[in-house]
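K.L.:
One-letter residues, chain by chain:
2 protein chains.
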Amino acid sequence: MKATINDVAKLAGVSIKTVSRVINNEPSVRQNTQDKVREAVRQLNYQPNQSARSLAASKSYVVGFVYDNPNAYYIIDMQQGILNACREKHYELLIHPINSKSDSLLDELKEMLRQSRASGLILTPPLSEMQDVIQMLTEADVNMVRVLSGKPYATETPCVFVDDRTAAYQITEHLIAQGHQAIAFFSGDEEHQSTAERLAGYKAALADHNISADVEWVYSGQYSFESGVENCKAMLAKSAKPSAVFACNDEIAAGTLFAARLNGLDVPSDIAIAGFENNPFSRQTWPKLTTAAQPTQDIANEAAELLFRTLQQANKKQPQACENISFEPQLVVREST
Amino acid sequence: MKATINDVAKLAGVSIKTVSRVINNEPSVRQNTQDKVREAVRQLNYQPNQSARSLAASKSYVVGFVYDNPNAYYIIDMQQGILNACREKHYELLIHPINSKSDSLLDELKEMLRQSRASGLILTPPLSEMQDVIQMLTEADVNMVRVLSGKPYATETPCVFVDDRTAAYQITEHLIAQGHQAIAFFSGDEEHQSTAERLAGYKAALADHNISADVEWVYSGQYSFESGVENCKAMLAKSAKPSAVFACNDEIAAGTLFAARLNGLDVPSDIAIAGFENNPFSRQTWPKLTTAAQPTQDIANEAAELLFRTLQQANKKQPQACENISFEPQLVVREST
Numbered sequence: 001m002k003a004t005i006n007d008v009a010k011l012a013g014v015s016i017k018t019v020s021r022v023i024n025n026e027p028s029v030r031q032n033t034q035d036k037v038r039e040a041v042r043q044l045n046y047q048p049n050q051s052a053r054s055l056a057a058s059k060s061y062v063v064g065f066v067y068d069n070p071n072a073y074y075i076i077d078m079q080q081g082i083l084n085a086c087r088e089k090h091y092e093l094l095i096h097p098i099n100s101k102s103d104s105l106l107d108e109l110k111e112m113l114r115q116s117r118a119s120g121l122i123l124t125p126p127l128s129e130m131q132d133v134i135q136m137l138t139e140a141d142v143n144m145v146r147v148l149s150g151k152p153y154a155t156e157t158p159c160v161f162v163d164d165r166t167a168a169y170q171i172t173e174h175l176i177a178q179g180h181q182a183i184a185f186f187s188g189d190e191e192h193q194s195t196a197e198r199l200a201g202y203k204a205a206l207a208d209h210n211i212s213a214d215v216e217w218v219y220s221g222q223y224s225f226e227s228g229v230e231n232c233k234a235m236l237a238k239s240a241k242p243s244a245v246f247a248c249n250d251e252i253a254a255g256t257l258f259a260a261r262l263n264g265l266d267v268p269s270d271i272a273i274a275g276f277e278n279n280p281f282s283r284q285t286w287p288k289l290t291t292a293a294q295p296t297q298d299i300a301n302e303a304a305e306l307l308f309r310t311l312q313q314a315n316k317k318q319p320q321a322c323e324n325i326s327f328e329p330q331l332v333v334r335e336s337t
Numbered sequence: 001m002k003a004t005i006n007d008v009a010k011l012a013g014v015s016i017k018t019v020s021r022v023i024n025n026e027p028s029v030r031q032n033t034q035d036k037v038r039e040a041v042r043q044l045n046y047q048p049n050q051s052a053r054s055l056a057a058s059k060s061y062v063v064g065f066v067y068d069n070p071n072a073y074y075i076i077d078m079q080q081g082i083l084n085a086c087r088e089k090h091y092e093l094l095i096h097p098i099n100s101k102s103d104s105l106l107d108e109l110k111e112m113l114r115q116s117r118a119s120g121l122i123l124t125p126p127l128s129e130m131q132d133v134i135q136m137l138t139e140a141d142v143n144m145v146r147v148l149s150g151k152p153y154a155t156e157t158p159c160v161f162v163d164d165r166t167a168a169y170q171i172t173e174h175l176i177a178q179g180h181q182a183i184a185f186f187s188g189d190e191e192h193q194s195t196a197e198r199l200a201g202y203k204a205a206l207a208d209h210n211i212s213a214d215v216e217w218v219y220s221g222q223y224s225f226e227s228g229v230e231n232c233k234a235m236l237a238k239s240a241k242p243s244a245v246f247a248c249n250d251e252i253a254a255g256t257l258f259a260a261r262l263n264g265l266d267v268p269s270d271i272a273i274a275g276f277e278n279n280p281f282s283r284q285t286w287p288k289l290t291t292a293a294q295p296t297q298d299i300a301n302e303a304a305e306l307l308f309r310t311l312q313q314a315n316k317k318q319p320q321a322c323e324n325i326s327f328e329p330q331l332v333v334r335e336s337t
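Residue numbers (the UniProt record's numbering), protein chains in the order written: chain A, 1 to 337; chain B, 1 to 337.
Hints are computed from structural coordinates only; laboratory data are not their basis. Ideal Cβ positions, reconstructed from N, Cα and C, are used throughout, including at glycine. Keep in mind that a hint or two might mislead.
Claimed, not checked - Calculated Cβ distances over 10 Å to all of chain B for the following chain A residues: (1) R21; (2) N32; (3) N45; (4) S60; (5) E92; (6) D103; (7) D107; (8) R114; (9) T138; (10) I176; (11) E216; (12) S220; (13) A254; (14) P280; (15) L331.
To be verified - DEER-style ranges, computed between Cβ atoms: (16) B/R283 - A/E88: 34 to 42 Å; (17) B/Q312 - A/V215: 55 to 63 Å; (18) A/T4 - B/K10: 49 to 57 Å; (19) B/T33 - A/E190: 56 to 64 Å; (20) B/K89 - A/R87: 49 to 57 Å; (21) B/D298 - A/E156: 42 to 50 Å; (22) A/E190 - B/S239: 40 to 48 Å; (23) A/V215 - B/P152: 55 to 63 Å; (24) B/T166 - A/K2: 47 to 55 Å; (25) B/Q131 - A/E156: 15 to 23 Å.
Claimed, not checked - If we take Cβ atoms under 10 Å as the criterion, some of the chain A residues that face chain B in the derived model are: (26) L11; (27) Y73; (28) D77; (29) P97; (30) Q115; (31) M130; (32) Q131; (33) I134; (34) T157; (35) F161; (36) V215; (37) N279; (38) W286.
All chains, full assembly: derive it from the sequences and hints.
P.N.:
Structure (C-alpha cells):
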C-alpha cells in the first residue's frame, strides 16, 4: 500500500499542486506549508515518482562533484561546502574522483552520468579547465558549474573564479616588506591553472619592486608535501640560497619546513616560508605558516547554489543567463615569515 | 531515437540475456564479452531502464557512505577505499555526513534513502554502533555493512571489525619497553567505541606489566588537534608529569607535540608521544609519530565489497549468510618515542 501524492495532500491539508511544488523545491511556498508537507511525506513514507519530480525525466535529485585533486583538506572542504547547500535544498551529493590524464576520461564521465542520473555537476581544476570535458558535457546538455583559478572573464557556462594571482602578489609583497629579495617559488602541478596564476602574481610583485625574477629560483613540482621536501633539499644543495620560499600551497610549504629543519635551519630566522590555501595543516606546523586564506567551503557553497539556480532555470526552460562569481583569497601572516 | 537493449545485443553480437547480465554486474560473464557489451553501451549511449537493472525497482546502482567524523584523512581514506570497489563494480558513491546527536537523525536518514534510492549503505562509528539506526534500517529492508571497533562478535548484519584494543595494547607495551612507567592516555570522543577499546588495550598492557593505572593520567577529550593541545597544557600544569603520552589518534598526538614544544620540551627525550591511525599527518610532524597503522582504505574496500556481495544475495533472494571481516592495526615505531 504505497502512499500517493493525494494521501500527502490530504494529510497536509493542501492541494496536490502545493505538494508537487514542495517536493520540487520550487520557491514561494511558505515555510509553514513546506514543513506541513514534508512532515506528511515523512509520516506516510511517501516516495515521489522520480519522473514527476523533475522535468528531465531521467534525472534525479542528486548532484555530482567531479574532481582530480590529491589534497585531502581541499576535497573535504569542497565536499562540506557543497553538502551544506545540498542539505538546504534537499539534494544528495555523489562524488566521483577521476584521473584527468586518463584516455577514457570522457567515456568514464558518460558512464557516471548514466549510472547516477545526476541533475548537474560541479567541477574543480584541472577538470574545469579542460575544453574537451566542457564540450562533451555541453553537448550532452548537462548542467554544470566550474570552479576556476584566475580573474573573472566571460564564459558560456556558470563559473566561480578564485583570484589566486592577486593573493600570490600579496604574499610576495609581504615577503619583500620583510626585507627578502631572494625569494624562491615552489610550484604546484604545472597543468593546474592555479600554478600559473600564483607564479604570475609572484613575478608581478617582484617586477613592481624592481627585483629581477631569477629563473633558477622557480622550482617545478607538485601540490604535495613530498614535492616541498625534494625542492627544499635541491635548493639547499646549491651555492646561492634564497632567504625566503613562497610555496604554491600549504602542503608544499609544510614539506619545505620539514626539509629545512632536517638541515638544521631555523624558520623564519634562517629562511622564511609562506604557503597558500590556509588549510588546517598550516596552523598545525611548527612554526605556523603564513598563507593566503582560500575560503574553499564558501567557494563550494556558492558553486552549489549557483548550480541549483541554473537547474531551476533549466527546468523552467528559462533562457540561461550565465552567472559568474569571484573570490579573492586573503593574506594571513603567521610565525613562519 | 533512444537505443534499446536489442540494439546493444546486436552491436555486441551477444544475446539480450547476456547484455542484461553485464548491465546487472552479474558474475560468470567472460571479461572479453563484458568489454564488448560495455563498448556497445558506450557507442549507442544506451541508458538502461533502472527498473530493469535491479530487482528492487526503486533502487539504483548507487551506494551511500554515511558518517559522522571530523577527521579529514579518515574520511578521504574511507571514501577512496569505497570508490576503488565501486569503480570495479560500476557503482557510484553518494556521501551523506550526518550529525549522530541530532534529534531528527532517523528522519534525515529516511529522507536520504528516498532522495537517492541508494541500494545499500556503509556506516562508520558512531553511527554503526547506534541501535536505533540499525533497527530502522533493518526494518526498512536497507542493506548495510557496518564498520565497528573491537574484537569480532556474532552480528545480524554484515560487519567489518577493527581490533583497536590489541593495537593499543602493543603501543602501550612499546612505551613500557622503552622504560616508561608513567604513561598518560589522551582520550578521543567518549561516545566512540574506539576510545573505550583503545583505553582497554592501554589498561590491559599496564596491568600485565604490574603498573598501576593512575586514574589521573587518563584525560577525557575529543579526536582533534585542539584536544591534544589542551590536555597537554593541563598535564604540564600539574606537579606529577608522565614521561610518555599515548594519544587516542594522530591528530591528538600532533596537538600534544605542538603544546609540548610550546613549553620547551624535547620530544622524545623529555616526553615520548605515540598516536594511532597512521594518517599522513603522523609522518609530517617533527619528529614523526609512533602510531598504529590502521589500513583505512583496505577496511573501506573490504566493507564495500562485502556490501556488493550482500546486495547480490539480496537480489537473488538467497538466504543471507551474515559475513564478518576483521582487521588488526599494526605498531609503527618512529622518532617520537
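K.L.:
Could you check if A/V215 really has its C-beta closer than 10 Å to a C-beta on chain B?
P.N.:
With Cβ-Cβ at 30 Å, over 10 Å, it is violated.
K.L.:
Could one say that the CB atoms of B/Q312 and A/V215 fall in the range 55 to 63 Å?
P.N.:
59 Å, holds
K.L.:
Using Cβ atoms only, decide whether A/Q115 comes closer than 10 Å to chain B, and label the hint accordingly.
P.N.:
5 Å, holds
K.L.:
So does B/K89 sit 49 to 57 Å from A/R87, Cβ to Cβ?
P.N.:
28 Å, violated
K.L.:
Is the nearest CB of chain B more than 10 Å from the CB of A/S60?
P.N.:
8 Å, violated
K.L.:
Was A/S220 rightly flagged as not at the interface, with every chain B Cβ beyond 10 Å?
P.N.:
The assertion about A/S220 holds, with a minimum of 22 Å to chain B.
K.L.:
Does A/Q131 meet its interface restraint, that is, does its C-beta lie within less than 10 Å of any C-beta in chain B?
P.N.:
Given a least distance of 21 Å, the restraint on A/Q131 is violated.
K.L.:
Determine whether the Cβ-Cβ distance between B/T166 and A/K2 falls within the hinted range of 47 to 55 Å.
P.N.:
With Cβ atoms ~48 Å apart, the hint holds.
K.L.:
Once the closest CB in chain B is found, is it more than 10 Å from A/D107?
P.N.:
6 Å, violated
K.L.:
Mind checking the hinted window 56 to 64 Å against the Cβ distance between B/T33 and A/E190?
P.N.:
Since B/T33 and A/E190 have Cβ atoms about 41 Å apart, the given range 56 to 64 Å is violated.
K.L.:
For A/N32, is the shortest beta carbon distance to chain B beyond 10 Å?
P.N.:
18 Å, holds
K.L.:
Between A/V215 and B/P152, is the Cβ distance one that fits in 55 to 63 Å?
P.N.:
60 Å, holds
Hint violations for this structure: numbers 3, 4, 5, 7, 8, 13, 14, 18, 19, 20, 22, 25, 26, 31, 32, 33, 34, 35 and 36, all remaining hints satisfied.
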